[in-house]
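S.K.: Next come the chains, spelled out residue by residue.
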Amino acid sequence: MVERYVMSIDQGTTSTRCILFDHQGRLVSVAQREHQQHFPRPGWVEHDAVEIWHTLRRVVPQALSDAEVTPDEVAAIGIANQRETTVLWDRRTGTPLGRAIVWQDTRTAPLVEDLRSRPGDDFFLRRCGLSPSTYFSAPRIRWLFDHGDGLRQRAEDGEVLFGTMESWLIWNLTGGPDGGLHLTDVTNASRTMLMNISTLDWDEELLEFFGVPRPMLPEIRSSAETYGVARSVLPGVRITAALGDQQAALFGQTCFAPGEAKCTYGTGSFLLLNTGTELVRSRHGLLTTVAYKIEDQPAVYALEGPIAVTGALVQWFRDRLGLISTAPEIETLARAVEDNGGCYIVPAFSGLYAPHWRSDARGVIVGLTSYITKEHLARAVLEATGWQTREVVDAMNADSSLALKVLKVDGGMTSDNLLMQFLADVLDVPVVRPMAAETVSLGAAYAAGLAAGYWPDLEVLRRNWHRAAQWLPDMDPRRRESEYENWQRAVERALGWIRSPNPP
Amino acid sequence: MAGPVQSIERAAAILRLLASGPRRLGLGEVAASLGLAKGTTHGILRTLQNVDFVEQDAATGKYHLGAALLHLGTSYLDVNELRSRSINWADALAARSGEAVRLGAPLEGRVLIVHHVFRPDDTLQTLDVGALLPLHASSLGKVLLAFGSVSLEPAAEAGLEAYTRHTLVAPERLTEALTEVRELGWAAEVQEMTMGEAGIAAPIRGHGGLVVGAIGASGTVERICDAKAVPQPALVSQVRHAAQAISRDLGAARW
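Residue numbers (my numbering), protein chains in the order written: chain A, 61 to 564; chain B, 32 to 286.
A couple of the hints might just be wrong.
Sample of chain A residues at the chain B side, in silico, Cβ under 8 angstroms [claimed, not checked]: (1) Ser191; (2) Thr386; (3) Pro388; (4) Ser475; (5) Asn477; (6) Met495; (7) Ala497; (8) His526; (9) Ala528; (10) Pro533; (11) Asp534.
Cβ pair distances, simulated, as ranges [claimed, not checked]: (12) A:Asp399 to B:Asp152: 32 to 42 angstroms; (13) B:Gln37 to A:Gln96: 54 to 64 angstroms; (14) A:Arg101 to B:Ser64: 40 to 50 angstroms; (15) A:Leu518 to B:Val261: 24 to 34 angstroms; (16) B:Asp280 to A:Arg93: 14 to 24 angstroms; (17) A:Ser385 to B:Ile39: 26 to 36 angstroms; (18) A:Gln96 to B:Ala98: 22 to 32 angstroms.
Here are some of the chain A residues that sit facing chain B, going by a computed Cβ distance under 8 angstroms [unchecked claim]: (19) Glu389; (20) Glu391; (21) Thr392; (22) Arg527; (23) Ala529; (24) Gln530; (25) Trp531; (26) Arg553.
Calculated directly from the structure, the hints in this document are not laboratory data.
No residue lacks a Cβ here, since even glycine has one placed at the ideal position from N, Cα and C.
Next comes chain A alone, as it looks inside the complex (with noise of 0.2 angstroms):
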């Protein structure tokens, strides 16, 4: 037995890092690399995804060197990855046809705007389990093929391949035009926008609606099963699991049973809840995605509610308005106050996500006096998170009959302890933070091992989660509700500030 470790690639939207694992599920080593950000017009994100493959080659050795692990060490393959975000290729070149678009790129807004007005949001809600938004792939190939010459025929033709990041780096690890196999997995094919939600296969009115041909469309296969074996890189290591990221974050969590939740606090953040095999199709504004499947086992599904703008909130205190010098300086100001002093701050920078969805609100401060000072506003700052991951959670209590028990958290923003406090106290449930900060990676490691046999069960896996730091409610109830009540009426102040039907 030489396979001592299990190699983690988290393909995200800033950075792509390699890190292995060991039986704990301990890290044993990191290797991390930025990739660049295109910004061409207002609204537009892109990535170039052979600047992206190459990251891949880079950190990979590295992390293997820093560790003194040689490939033979490696086990097994899992990659997690940014989701939606769509990249088109030539199949007999390997070139992508131009930049990767990325999933925070808005472009796609006028498209999406006729789509909920025909054939309108029910439509989409019973076959994908998601309501048109610029968020997902589909419109995304749609508006490729309407600003592309002859691509569509192309694409009929079987000389154009779509995918997003796992299924374009799994074909280049696997032999690229020479060869690569060409997947995904079913929680990265349910944010397209294209695959049914019931059946897990390409819906065909759905590929009919959006004009997109099957040839292009990559094989969806289990989040953990054998794909393949790496035929670069890591040459004779197989490839046993990709997941999207907050799908892996889920799984890192071991929020394996039906009602256990996860959050990860990042720029914005993501809260998903297991619901089991049990399809849950939401009322109040989540999105119904699947959390995994293993092998030939059922497919776990989970509701979801991302929220736009969290610690991005801090990150504009921060760099726009300059008042403290580093994001964790947020907690500081904010704990040289006892309260908000009345003041709430809604920042729909660009519309607002989970569970309102609504595009035409744009950020408030309300409640400014002459007694507000910057500590109150710093306050209200970190409020903010607490009271939307407060409305997804009610949402989901809402569409769901398990109601939250425990939230567990990761993520940068978890070592703000005000913060953390805020949560337990305004979500009236114990807050739970893991000792493995790594979440995504983690459970793109687990999926990995699972299905390569290096770990026998999720039982073992769960056994690895241990608790560093817990959080319990500690709010007078009565204030717990006037304070909600005061940010939702912030929360209505803010919507329907933008006029026109299409954001610029």
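Dock chain B against the given chain A, drawing on the hints supplied.
M.R.: Chain B only, in chain A's frame:
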């Protein structure tokens, strides 16, 4: 006794020159004003820039005094920043040692717990963040005392409190212990604050080696120490390793 260090004298002259007027100065102006070679001047300015005493305007390349000089009297590292920068290393220390981990920083003659990672056995534990510990009876406090982050005098005047029969309350014994901490590079507390409990701590250093806090592992005396009540060498090296890793991240190059 060595003589004055020339580069420090020159650095002081540069700071006085930049402080003498509101105008920002270019490299050539600074060098000419002080009669120094441009290369020498540039080296000193770059070093002062590294410690945030001098800032360089991005557009014009001219130099002016840095904001850090205005805050020389106060702790330059925010405690929440310290937690954020330490969190991954503290988690790793708890995972590898199997013990609870705490970070301490000086506050008003005591140790403020700025971060706490639970012992990884999933038993019921309560977050200690915000709690205050005595300097002389805790391993975190002894590190802060030994490396000059805080002075014992105010507390000592009132008399050192005996928490257990092992607490070091005689000033000369405490002084001896602190000398040993400086020599070893780490501190221990064996049943000095609570009977049955022990802890090991090491210094976290920032720019220039200045100690800004301490990180430590603690638990029952049977787990932290061997049969002779001596701290386990493996645990000591894990704690020191974590402290050094955080220090490197904070810019303390030599540690």
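S.K.: All the hints need checking, so say for each whether the structure fits it.
M.R.: Taking the hints in turn, this is what the structure says about them:
1. Ser191: Violated - the Cβ of Ser191 of chain A stays beyond 8 angstroms from chain B, reaching only about 37 angstroms at its closest.
2. Thr386: holds, 5 angstroms
3. Pro388: OK, holds: Pro388 of chain A within 8 angstroms of chain B, min 4 angstroms.
4. Ser475: With a minimum Cβ separation of about 4 angstroms from chain B (threshold 8 angstroms), the hint on Ser475 of chain A holds.
5. Asn477: Check passed: Cβ of Asn477 of chain A comes within 5 angstroms of chain B, closer than 8 angstroms.
6. Met495: holds, 5 angstroms
7. Ala497: Result: holds, 6 angstroms to nearest chain B Cβ.
8. His526: holds, 4 angstroms
9. Ala528: Hint on Ala528 of chain A: holds, closest Cβ of chain B at ~5 angstroms, below 8 angstroms.
10. Pro533: It is violated, given that the least Cβ distance between Pro533 of chain A and chain B is near 13 angstroms, above 8 angstroms.
11. Asp534: It is violated, given that the least Cβ distance between Asp534 of chain A and chain B is near 11 angstroms, above 8 angstroms.
12. A:Asp399 to B:Asp152: 32 to 42 angstroms: holds, 36 angstroms
13. B:Gln37 to A:Gln96: 54 to 64 angstroms: violated, 45 angstroms
14. A:Arg101 to B:Ser64: 40 to 50 angstroms: holds, 48 angstroms
15. A:Leu518 to B:Val261: 24 to 34 angstroms: With a Cβ separation near 42 angstroms, Leu518 of chain A and Val261 of chain B fall outside 24 to 34 angstroms, so the hint is violated.
16. B:Asp280 to A:Arg93: 14 to 24 angstroms: holds, 18 angstroms
17. A:Ser385 to B:Ile39: 26 to 36 angstroms: The hinted range 26 to 36 angstroms holds for Ser385 of chain A and Ile39 of chain B, with Cβ atoms some 27 angstroms apart.
18. A:Gln96 to B:Ala98: 22 to 32 angstroms: With a Cβ separation near 31 angstroms, Gln96 of chain A and Ala98 of chain B satisfy 22 to 32 angstroms, so the hint holds.
19. Glu389: holds, 5 angstroms
20. Glu391: holds, 4 angstroms
21. Thr392: Result: holds, 5 angstroms to nearest chain B Cβ.
22. Arg527: Status holds, d = 5 angstroms.
23. Ala529: holds, 6 angstroms
24. Gln530: holds, 7 angstroms
25. Trp531: It holds, given that the least Cβ distance between Trp531 of chain A and chain B is near 7 angstroms, below 8 angstroms.
26. Arg553: violated, 31 angstroms
Checked against the numbered hints listed earlier, the structure breaks hints 1, 10, 11, 13, 15 and 26; every other hint is satisfied.
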